[in-house]
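Visitor: Given the sequences, and given the hints that come with them, work out the whole structure.
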Amino acid sequence: MKLVHLALKDLMRSLRSAFLIVMVLVVPLGLGGLMYLAFGGAGSSDGPRVASTRVLVVDRDEGVGAFRAADVLLDALRSEDTRDLVTVGMADDEDAARAAVDRQEAGVAVLIPADLTSALVERGSSATVTLYSDPTLTVGPEVVRAVVSEVVDALAASDLALRVTAEQLADRGLAMGPGELQELGARFWEAKRAVPGGPRGGHPLLRVVGASNEGDSTGGMEFGGVLAGLMIFGAFFGAVYSVESIIREDEEGTLARLFATPTPRGMILGSKFLSAGVVVVGQTSLVMAITALALGIEWGRPGAVALLVVGMIASATGMGVFLMSLVRTTRQSGVVVGAGLTVSSMLGGLFSAAAPGIPEAVEAMYLVFPQGWAMRGWLLAQAGGGAGDVWPTVLAMVAYGGVLFAIGTLRFRRRFA
Amino acid sequence: MRIWHVAAKDLLQVLRDRMSALFLVAMPIAFTFFIGIVFDFGGGEEAIPLGLAMEDDPAHPATGVLVELLRRSGSLRVVPVEGDGARAALEGRVGSGALAGGVVVPAGFGEALLAGEELPLDLLVDAGSAPGEAAESAVRATVARLATIAEAARLSVSTYEERAAFPDAAARREYAAEALERALAASEEPAVRIRSEGSGPAGEEAGAPSGFEQSSPGILVQFVVFGVITTATLLVVERTSGTLRRTLAAPIRRAEVIAGHLVAMFIVVAAQQAILVLFGQFALGVSYLSAPLAVVLMAAALGLFGASFGLFLGAVSRSEDQVVMYSLIAMFLLSGLGGAWFPLDVTGPTFSRVGHLLPTAWAMDGFQNVIVRGLGLSSVLLPAAIVAAWGAATFGLAVWRLRPQ
Chain A
20 MKLVHLALKD LMRSLRSAFL IVMVLVVPLG LGGLMYLAFG GAGSSDGPRV ASTRVLVVDR
80 DEGVGAFRAA DVLLDALRSE DTRDLVTVGM ADDEDAARAA VDRQEAGVAV LIPADLTSAL
140 VERGSSATVT LYSDPTLTVG PEVVRAVVSE VVDALAASDL ALRVTAEQLA DRGLAMGPGE
200 LQELGARFWE AKRAVPGGPR GGHPLLRVVG ASNEGDSTGG MEFGGVLAGL MIFGAFFGAV
260 YSVESIIRED EEGTLARLFA TPTPRGMILG SKFLSAGVVV VGQTSLVMAI TALALGIEWG
320 RPGAVALLVV GMIASATGMG VFLMSLVRTT RQSGVVVGAG LTVSSMLGGL FSAAAPGIPE
380 AVEAMYLVFP QGWAMRGWLL AQAGGGAGDV WPTVLAMVAY GGVLFAIGTL RFRRRFA
Chain B
17 MRIWHVAAKD LLQVLRDRMS ALFLVAMPIA FTFFIGIVFD FGGGEEAIPL GLAMEDDPAH
77 PATGVLVELL RRSGSLRVVP VEGDGARAAL EGRVGSGALA GGVVVPAGFG EALLAGEELP
137 LDLLVDAGSA PGEAAESAVR ATVARLATIA EAARLSVSTY EERAAFPDAA ARREYAAEAL
197 ERALAASEEP AVRIRSEGSG PAGEEAGAPS GFEQSSPGIL VQFVVFGVIT TATLLVVERT
257 SGTLRRTLAA PIRRAEVIAG HLVAMFIVVA AQQAILVLFG QFALGVSYLS APLAVVLMAA
317 ALGLFGASFG LFLGAVSRSE DQVVMYSLIA MFLLSGLGGA WFPLDVTGPT FSRVGHLLPT
377 AWAMDGFQNV IVRGLGLSSV LLPAAIVAAW GAATFGLAVW RLRPQ
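Chains as they are written, first to last, in the working numbering: chain A, 20 to 436; chain B, 17 to 421.
One or more of the hints may lead you astray.
[Said to hold, decoys possible] According to the in silico footprint, chain B covers these stretches of chain A (three or more CB under 8 Å from chain B):
hint, region
1, 42-51
2, 149-157
3, 173-182
4, 351-357
[To be verified] So, partial list: chain B residues that the calculated Cβ filter (under 7 Å) puts toward chain A:
hint, residue
5, L139
6, P206
7, V208
Quick caveat, the hints were computed from the structure, so don't treat them as lab data.
By construction, the Cβ of each residue, glycine as well, lies at the ideal position given by its N, Cα and C atoms.
Guide: And the structure:
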């Protein structure tokens, strides 16, 4: 019972700290909400998730006869499929269009040359469509390039098909005359499939299947990973801050008085461990509950979640005991809690592990830190892994926590012997 | 002169505190380097990882053309996913974010393509994410090219068959394979080319900011907000310990004390920015010095805001813990909303507009006008003015808070 009383005392003191509440709850939930607003939530298909890019077109195409290739290009840019992604306007000349992009009044300038149609219709010539874009933009220029490429490819299809056919037949002694080629070109256009639409237009050769967020258990994976990182950061912070009470009590003199009572020193340290564990359980439960209800985040199967919470308790409190064993004053602990925990969280991948394309060497570095193992475990759980999938990770977390706890306890025993 | 005495006292205290070096220099450099390596929003040389699961015969000429087109795409890096459960593995890796997208080539795709039948590829992608959008656009463009090449091959085969019959199926297949190869080669010499240009440093192909071009100014802006912890703490300690009252009992005006603290904070922030700019320029290759006057102006405006914010922080906080807490909250909000962590153009339109209400977004715009867009002094005038206005407003709040009680 003494253990519980001591732990309750520490817990009450911790919960009265606005700083702790802010760091373990407000920051993870607030930042999570901010990310949710920024990226529209995982898998949301309601409306555009990126800002529309303003596109300025300079049209110099002189056409051939009644046909102008630039008209086809403009129709594609203005199609319903691209309406959410690009807003098209016209510019008088190249300099004005480029200047508008430089002033960030437009994201992309599409410069259509005078000989665009003649290059497509009359064999032997070539033309260049220039895309002048704001280099700080990511999605918009890519979309515009894709649309322009599709249209140009479609228009150039006839030229390509006739060229290949004529060359192959000529190689086999079946050369075609100009009249035959013209007739063949006409047949080709009649048989050609529908011109592809914009980036969201369907293509008969491509079926887009959402890899996540189709009502399955992996809903919100990317965003879920971001939240997992924030939750782990808050849990570790809470545990380390709880254990910091040893340093505070030592400074205030109450620790010495506690040692003077018939209370085993191991029990005093154990109470810190217990209160830190309660903080971790409380923090993870609240964060998971609130984000599941408000944002639809699926944290994983109950067995996996329970195991991971146990692993977090062990690793976070072990880390707390170890870190606090290195310092003697609250001023020093401030540096450790603030800077040390933040840097180890960064290097452990809490702020980056959910991002795609992480170099393998960096992923290996994550596992040097207990936060890296925690992150790995939560990503597995969110991907649908069960207890059987996460237990090796949990084992690593417990082992890590155990070693750190042992080292920290030894140091404390020597200090307070 | 008394202003400089107060400022010098503060600077001396900052220099003697080992935490200063940690929060002002070591941490921002570490964060800049790490985040710049890990995150790349489409710039630099990193291509989008696209998984490829082949259920069709990989030796079929049509599937060979598909793979070749994907590999030649400048924006994609093809990652083969093999084995019996390739599709499921691909789904898992796309779902976890390890891949931006995944293409599954169904069995019989090659033959169907040459026959003109519709047997689509499956593209697994989170079309709502920025990498997913880019992967979908790139794959869509590749499929359109493939369709064009296949159409050319089909036309050639059917035209030959009108004039002479193939002796057997193998000869037909060989002819079709040759047609595909010729069409692929011809598509590399198109009648119309597309050239991408950007308003970045001369001669460079347009592209999104590289990792360091985002992380360097981003972390600089973030730690201007966070770095004032040390100087703000000094003011809090002076207020709470009674030192400030004793100082005011001396022949020094309140305005001089406030100005002294502000000057010290400005110098600290300016020095921090100078170190980070030089680190970015010489260690990471970020083009700050392409327009040095522009960077100085932007840094000065940001320094004014940072110093004013530090003064305000010192005025409203009642303890060192509160300084840390308020500065952390402000750092997260201003950095997260202001585009310091990720470009605002990958967020929704509303978020981007809200972000531009904050000085950090304008500071990022100003710095990136120089380092990414390659623009000069005139491009930072508006961002610097807005950031300076924020600084003036924050200073006003701080002075009001520090008014005689």
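Visitor: Against this structure, judge whether each hint is valid.
Guide: How the hints compare with the structure:
Counting residues of the region 42-51 of chain A whose beta-carbon sits less than 8 Å from any beta-carbon of chain B gives 5, enough to reach three: the coverage restraint holds. Using a Cβ-Cβ cut-off of 8 Å, 9 residues of the region 149-157 of chain A lie near chain B, which meets the minimum of three, so the contact claim holds. Here's how the region 173-182 of chain A fares: 9 of its residues keep a CB closer than 8 Å to some CB of chain B, so the rule of at least three is met and the hint holds. With 3 residues having a Cβ less than 8 Å from any Cβ of chain B, the region 351-357 of chain A passes the three-residue criterion, so the hint holds.
Interface hint at B/L139: satisfied, since its Cβ lies 5 Å from the closest Cβ of chain A, which is below the 7 Å cut-off. With 7 Å as the threshold, the beta carbon of B/P206 comes within range of chain A, its nearest partner Cβ sitting at about 6 Å, so the hint holds. Evaluation of the B/V208 hint against chain A yields a held restraint, the C-beta minimum of about 5 Å falling below 7 Å.
Against the hints set out earlier in the document, no violation occurs for any number.
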